[in-house]
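Using the sequences and the hints, build the whole thing.
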Amino acid sequence: MEILKAENLVKVYQDNGVPVNALRGINLSVSKGEYIVIAGPSGSGKTTLLNLLGALDKPTEGKIYFEGEDITLKEKKELSKMRLHKLGFIFQAYNLIPVLTAIENIEFSMMLLGIPDNVRKEKALALMDELGIKELADKRPNEMSGGQQQRVAVARAIVNNPTLVLADEPTANLDSVTAGHLLDLMEQMNTEKNITFIFSSHDKNVIDRAKRLIILKDGTIEKK
Amino acid sequence: MLLKLAWRNIWRNKRRSIITLAAVIFATLMAIAMRGIQLGTYALNIKSVVELFSGYLQIQEKRYRDNPSLTYSFVVDKNIKEALNSTKGVLGYAPRVYADGLISYKDNSRGAAIFGIEPEKENGVTTFIKNINAGKFFTSDSSNQIVVGDQLLKNLDAKIGDDIVILAQGFDGTLGNQKYKIVGTVKFGVQELEASLIFMGLKSAQSLLDMGSRVNVIAIKADNLNDLPEIDKSLSAKIKNPDLKVLSWTKVNPELEQSIQLDNVSGIFFLGILIVIVAFGILNTVLMSVIERFREFGVVLAIGMPQINLTYLVYLETIIITLIGLSAGNILGAGVNYYFILHPIVFGGELKQLYEIYHFLPQLKSTLEPGIFVNVSLSILIIALVSCFYPAYKVYKLEPLKGIRHT
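Residue numbers (this note's numbering), protein chains in the order written: chain A, 1 to 224; chain B, 225 to 631.
It is possible that part of the hints are untrue.
Short, incomplete list of chain A residues facing chain B, as computed with Cβ under 8 Å [unchecked claim]:
hint : residue
1    : 65
2    : 95
3    : 109
Some chain A residues flagged as far from chain B (calculated, every beta-carbon gap over 10 Å) [stated by the list, open to error]:
hint : residue
4    : 146
5    : 176
6    : 181
Please keep in mind that the hints were generated in silico from the structure rather than gathered at the bench. Quick reminder that beta carbons are idealized off the backbone N, C-alpha and C, glycines included.
What follows is the structure, encoded as structure tokens:
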């Protein structure tokens, strides 16, 4: 079942008044349960593409359909709601909220959805247990290692059962062993919970595990 | 969760929050102490001046203030006495007659302002009798004894014990004259005033002016300045004569009120400057803390937090920090004001003399008037909310991606 479709995506940035073509006509279709890695050298447009697919940015040209709806036409407020309900994000620098504990970070998006306190606590703890990070519940980000923070970030991304999780270079700041454990975890979530993952990465560890690999070069898809 | 986030964000950069708190506490304390001393001293001065002569309130014929003529006089009837005796907050009253006249001693004549008073009643209302400079004050309101201004005695080239003649136009328009004995002089520190003042008994004045039992004014002493509107309302309702009017000291002595208002404006202006400085301090720290967290805000926006919630968060943090600062500032301000109530700043030397010329007590005293605390707190809270509008607006306009990319 197709959940995401990009048609002829073009993104042009202005860099000090000079137009930079980040994406030059990308066409892409993503089905439910896929595990996709977008790879390519720096400046190839991986993060730009991921940002467009995650409704964090708008294309200069082209259309993006999420579950059949053209999200390029949606208002800021609708996009925010869509991200909250349907998408999960994992960032390269973990980006946990520093003043919240691990469990509070995981609860955060549930809180935005208005889920009652006791329900979200129970759900967050169950997920932390599943991901093997239950003992981190009361720790703040500065008390956790990079790998632990990224696991919490994964839990935060999937706790609302999103349709799609977008992970931008999730292993870039991790050593290979920790990165391996994290990828195992995400693969497991993909297999067991049928969560769709799209990664952007140039990490060999990530690329090797791709069930579908998309290679970008100079803003175009070189290989699907 | 928003409250938890706001609270933890405040203490995340302790030094910055403590500096902001200190600014709010300092501004609140300064504003409360300044206003306390200003308003406390005004109250002291007003009390001192109204208790000297005019009274807190006066009952007059309604046209008398604009046209102080004997025609606009009235009889202190049973209804007026009952109204005065039954009104809560009225501590005493003294009927008076005011008139212009001519005083002559040998070949010297001078214009005079005649005040017919009842010394016994005045003692319960005013303090001017204590301003006796030489001789004594008469005690009977029907004797032929008078007290004159110190300068008037000098101008007449007379001395205490001399007989003088006063000529004045009576209530019916005819001229009346009578002989009186000077028994004392008063001094108020204003030579102009002392060159024309004559105090005589009420009945003597009524006889000289052929007024029967009519008076021009009833001066009233109240238990405090704050109750004047209520006393005014109550008296006005009880007095049946539609030609009579109750006037507060502000109407009777508008110059005093104007000078206080003028001084008050300068105080408020200074207070405004203080609050604006604090506003810039708050703006600076809130803006810094917001810009520092752009990346974090970008992430929560990406997750799906509504933009308006982030704006609430910025406001919540400002409100919490301002309320803490206001609470501490109010407690400290109350302490300072209480200290200056117990230990007023007393002037000496030339400043003391200057104050005494205006019949002010030469001291600065504070007050714990609740209005000061409420007004200062509301002003600082409002200015804090206004000053965090710009940072909140920046957050409201923040794009998730711009926030995430912010370094």
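Hint check:
Checking residue 65 of chain A against chain B: minimum C-beta separation of about 20 Å lies over 8 Å; hint violated. Proximity of residue 95 of chain A to chain B holds as hinted, the smallest CB-CB distance being about 4 Å (cut-off 8 Å). The closest approach between the C-beta of residue 109 of chain A and any C-beta of chain B is roughly 5 Å, which is under the 8 Å cut-off, so the hint is satisfied. Separation of residue 146 of chain A from chain B is adequate, the least Cβ-Cβ distance of about 16 Å exceeding the 10 Å criterion.
Remark: the non-interface label on residue 176 of chain A is consistent with the geometry, its nearest Cβ contact in chain B lying 26 Å away (cut-off 10 Å). Every C-beta of chain B lies more than 10 Å from that of residue 181 of chain A, the closest at about 23 Å, which supports listing it as non-interface.
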